[in-house]
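Trainee: Below, each chain spelled out in residue letters.
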Amino acid sequence: MPPTSSSAIRTVADEPPKRLSASGSAAPAVEAHELVKTYPGRRGAPPVRALSGAGFTVPAGTVFGLLGPNGAGKSTTVRILTTLTSPDGGRASVAGYDVRRQAGRVRRAIGVVTQKSGVDPEATGRENLVLQAYLHGLTGRAARSRVSELLDQFDLAAPADRLARTYSGGMLRRLDVAIGLVHRPAVLFLDEPTTGLDPQARSAMWAEISRLTTEGLTILLTTHYLEEADRLAARVALIEGGRIVVEGSPDGLKSELRGDALELELAGELDDSGGPGPAAVTRLRERLLALDAVHEVRVVGRRLHARVADGAGTLPAVFAAVGGTGLAVSSATVARPSLDDVYLRYVGHRFTADTGAGTGTAREAGR
Amino acid sequence: MTAELTATPAPEASFGTQFGAVLMRHLRLLGRQPAYLSISLMQAVIWLPLFGSLFRHVADVPGFDGGRSYLGYLTPGVVAMTALFTSGWAGMGFIQDMEGGVMDRLLTSPARRGALVAGPIAYQAVMITIQTVIIVVLGWALGTHFRSGPAGALVLLVAAVLLAAFISGLSITLALLVRNEESLIAASQFIVLPLTFLSSAMMPRDLLPGWIATVARYNPVDWAITAGREALGADPDWTAAGWRLGALAALAVATGALAARAFRTYQRSL
Ligand SMILES: Nc1ncnc2c1ncn2[C@@H]1O[C@H](COP(=O)(O)OP(=O)(O)OP(=O)(O)O)[C@@H](O)[C@H]1O
Ligand SMILES: [Mg+2]
Numbered sequence: 012m013p014p015t016s017s018s019a020i021r022t023v024a025d026e027p028p029k030r031l032s033a034s035g036s037a038a039p040a041v042e043a044h045e046l047v048k049t050y051p052g053r054r055g056a057p058p059v060r061a062l063s064g065a066g067f068t069v070p071a072g073t074v075f076g077l078l079g080p081n082g083a084g085k086s087t088t089v090r091i092l093t094t095l096t097s098p099d100g101g102r103a104s105v106a107g108y109d110v111r112r113q114a115g116r117v118r119r120a121i122g123v124v125t126q127k128s129g130v131d132p133e134a135t136g137r138e139n140l141v142l143q144a145y146l147h148g149l150t151g152r153a154a155r156s157r158v159s160e161l162l163d164q165f166d167l168a169a170p171a172d173r174l175a176r177t178y179s180g181g182m183l184r185r186l187d188v189a190i191g192l193v194h195r196p197a198v199l200f201l202d203e204p205t206t207g208l209d210p211q212a213r214s215a216m217w218a219e220i221s222r223l224t225t226e227g228l229t230i231l232l233t234t235h236y237l238e239e240a241d242r243l244a245a246r247v248a249l250i251e252g253g254r255i256v257v258e259g260s261p262d263g264l265k266s267e268l269r270g271d272a273l274e275l276e277l278a279g280e281l282d283d284s285g286g287p288g289p290a291a292v293t294r295l296r297e298r299l300l301a302l303d304a305v306h307e308v309r310v311v312g313r314r315l316h317a318r319v320a321d322g323a324g325t326l327p328a329v330f331a332a333v334g335g336t337g338l339a340v341s342s343a344t345v346a347r348p349s350l351d352d353v354y355l356r357y358v359g360h361r362f363t364a365d366t367g368a369g370t371g372t373a374r375e376a377g378r
Numbered sequence: 004m005t006a007e008l009t010a011t012p013a014p015e016a017s018f019g020t021q022f023g024a025v026l027m028r029h030l031r032l033l034g035r036q037p038a039y040l041s042i043s044l045m046q047a048v049i050w051l052p053l054f055g056s057l058f059r060h061v062a063d064v065p066g067f068d069g070g071r072s073y074l075g076y077l078t079p080g081v082v083a084m085t086a087l088f089t090s091g092w093a094g095m096g097f098i099q100d101m102e103g104g105v106m107d108r109l110l111t112s113p114a115r116r117g118a119l120v121a122g123p124i125a126y127q128a129v130m131i132t133i134q135t136v137i138i139v140v141l142g143w144a145l146g147t148h149f150r151s152g153p154a155g156a157l158v159l160l161v162a163a164v165l166l167a168a169f170i171s172g173l174s175i176t177l178a179l180l181v182r183n184e185e186s187l188i189a190a191s192q193f194i195v196l197p198l199t200f201l202s203s204a205m206m207p208r209d210l211l212p213g214w215i216a217t218v219a220r221y222n223p224v225d226w227a228i229t230a231g232r233e234a235l236g237a238d239p240d241w242t243a244a245g246w247r248l249g250a251l252a253a254l255a256v257a258t259g260a261l262a263a264r265a266f267r268t269y270q271r272s273l
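In order, the protein sequences belong to chains A and B.
Positions 12 to 378 (the working numbering) are the ones given, in order, by the first sequence.
Positions 4 to 273 (the working numbering) are the ones given, in order, by the second sequence.
Think of the hints as simulated: they come from the structure by calculation, not from any bench.
The beta-carbon is built from N, C-alpha and C at its ideal position, and this holds for glycine as well.
Certain hints may be false.
[What the hints assert, rightly or not] Derived EDC-like pairs: lysine to aspartate or glutamate, alpha-carbon spacing no greater than 20 Å straight-line:
{"hint": "1", "chain 1": "A", "residue 1": "K127", "chain 2": "A", "residue 2": "D109"}
{"hint": "2", "chain 1": "A", "residue 1": "K265", "chain 2": "A", "residue 2": "E307"}
{"hint": "3", "chain 1": "A", "residue 1": "K127", "chain 2": "B", "residue 2": "E15"}
{"hint": "4", "chain 1": "A", "residue 1": "K265", "chain 2": "A", "residue 2": "E138"}
{"hint": "5", "chain 1": "A", "residue 1": "K265", "chain 2": "A", "residue 2": "E238"}
{"hint": "6", "chain 1": "A", "residue 1": "K127", "chain 2": "B", "residue 2": "E102"}
{"hint": "7", "chain 1": "A", "residue 1": "K127", "chain 2": "B", "residue 2": "D209"}
{"hint": "8", "chain 1": "A", "residue 1": "K265", "chain 2": "A", "residue 2": "D321"}
{"hint": "9", "chain 1": "A", "residue 1": "K265", "chain 2": "A", "residue 2": "E280"}
[To be verified] Listed next, the stretches of chain B that the computed footprint assigns to chain A, with coverage defined by at least 3 CB atoms under 8 Å from CB atoms of chain A:
{"hint": "10", "stretch": "15-24"}
{"hint": "11", "stretch": "175-185"}
Make a model of the complete structure from these sequences and hints.
Mentor: Next comes the structure, spelled out in structure tokens:
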């Protein structure tokens with residue numbers, strides 16, 4: 012039901028248009044509930060549980076970031092929400108339609124940018140867009156003008172009639188997004204839109220995504236760049252091992268941490284693992300937590316992470332406490348809390364250090 | 004703003020629109036790969052003279068229908084063989100689309116599965132049409148007389164197109180099931196070669212060894228050859244040609260439908 016006609020009538024009747032409808036903006040754009048997905052193991056390997064009860068809600072008109080390391084289940088979630096595959100358990104709806112029972116309706120309402128580029132390399136940029144337009148029922152002059160509009164918008168007008176196989180990574184990714192937008196979808200899925208892009212292409216893509224959100228589009232974005240989620244997403248969900256670990260706005264999550272992140276690099280008597288021995292760690296924790304300003308202490312290898320009320324002011328006391336255990340501090344940093352700290356808090360280890368995020372190439376590294 | 008984005012989805016695309024767009028994609032590719040095109044056309048040119056001279060003496064074997072030249076006999080066989088050798092690879096494009104992200108993009112769009120299958124099959128039909136015309140013209144140039152005239156050639160063309168559609172449907176189904184190039188190549192070889200040689204392509208059924216003659220009777224490739232050969236002959240048995248064309252059409256529709264179903268199996272693996 013196109014609400015345009017009904018809202019026109021309501022306006023005449025001098026009554027504010029009501030937000031009703033399954034796809035209207037009152038209802039969440041995406042609802043995922045207890046999603047479970049297991050892949051059969053290849054060649055005798057045990058089955059892989061890609062999702063074990065992931066659930067979240069994306070309010071209409073917002074950007075939602077699904078942040079997690081390699082193999083966390085981001086793409087699997089996107090594949091389920093975009094009707095590419097079905098979950099073994101749980102349910103999900105997109106734009107008000109059930110992804111299983113109303114797959115056809117969902118497909119008409121969504122734009123999808125998969126992790127692997129969906130561009131046909133043997134066709135030109137323009138032809139790629141026109142194909143998508145026709146599949147969505149946009150034909151003839153309407154298709155041509157929409158396609159030209161997108162080529163301009165994504166700065167692809169000049170190479171539009173070149174084969175896509177000659178495009179740079181950044182151009183391909185922009186074309187992918189343009190393809191996803193041909194039919195003016197209500198919800199856009201972006202699976203790692205900037206992985207593998209150079210910093211310049213990445214910030215261009217960020218600018219483009221931010222611009223889209225001002226037009227009322229709902230975007231679900233997956234990423235393993237903390238900064239990307241922080242910058243673009245109104246809400247983020249940390250996903251790890253097929254589960255949503257925590258969900259909230261980046262600022263909300265950070266402020267829940269209370270205080271600054273203090274990171275020390277320890278020196279002195281370290282054991283084989285490169286860190287202080289278990290006994291030393293226990294002593295260290297006791298002494299540090301005895302300080303009023305210190306909330307949390309974690310030791311990972313030779314790095315000590317602590318949450319302190321007033322980072323700079325507490326440093327001397329912290330140094331003294333470390334010194335009291337016979338260890339020394341070789342470097343110290345104090346920072347406002349970042350999403351990485353949120354990650355550390357909820358997952359138990361640093362995001363950046365442990366996933367190799369930032370290289371973007373080591374797909375299954377550490378798995 | 005939000006209203007504009009959520010309110011007016013484009014009208015649902017018709018099957019014809021989607022089919023046309025997918026077919027266009029493949030035809031355009033053909034124009035852009037002159038090497039592929041020339042190799043495909045070369046195939047059409049090579050087989051007839053090659054097998055024609057290789058098996059020349061078949062015409063001298065007692066029992067061979069002496070009424071016509073061996074080349075004339077061979078023409079429908081070469082057409083069918085070309086259809087097999089070309090359409091047997093129809094699934095390769097699907098594998099490439101799966102390995103890139105194109106398939107995911109198509110499957111998350113409202114494209115009907117039928118259109119995604121019918122487009123590439125129609126493209127194969129275009130290819131075999133061009134090839135058949137070349138072979139028939141070549142046969143004619145080499146001195147074969149097609150006694151029933153254009154009607155006979157047209158029936159041969161229909162037989163070739165139906166055979167190509169059937170084989171393409173099979174190849175696409177296989178591609179969606181095995182999902183990798185190596186397995187698809189192995190499976191295609193396993194199907195294409197026996198189907199070609201267990202038929203009357205080179206030799207009349209009466210001259211084939213007993214069990215091969217029996218197998219050939221149930222071989223769809225042989226149906227296409229026999230239908231074409233009947234139609235090109237001096238006194239065509241239109242009934243014999245007709246039921247074979249009907250059976251081929253039924254098979255083509257069946258494998259096309261099977262291919263459209265195979266998307267489900269493919270998507271379950273994602
Ligand atoms: N088609 C498949 N068959 C078998 N296992 C799969 C398949 N797809 C994903 N997996 C496994 O499921 C788990 C989750 O994969 P998924 O692709 O969702 O992770 P991701 O968060 O997108 O990771 P990345 O950042 O590397 O893209 C991984 O262990 C992966 O190996
Ligand atoms: Mg992924």
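Trainee: Could you run down the list of hints and mark each one as holding or not?
Mentor: So, going through the hints one by one against the coordinates:
no.	hint	in the structure
1	A:K127 x A:D109	violated (25 Å)
2	A:K265 x A:E307	holds (14 Å)
3	A:K127 x B:E15	violated (27 Å)
4	A:K265 x A:E138	violated (45 Å)
5	A:K265 x A:E238	holds (13 Å)
6	A:K127 x B:E102	holds (9 Å)
7	A:K127 x B:D209	violated (55 Å)
8	A:K265 x A:D321	holds (15 Å)
9	A:K265 x A:E280	violated (34 Å)
10	15-24	holds (count 7)
11	175-185	violated (count 0)
Going down the numbered hints, you'll see the structure goes against 1, 3, 4, 7, 9, 11, while the others check out.
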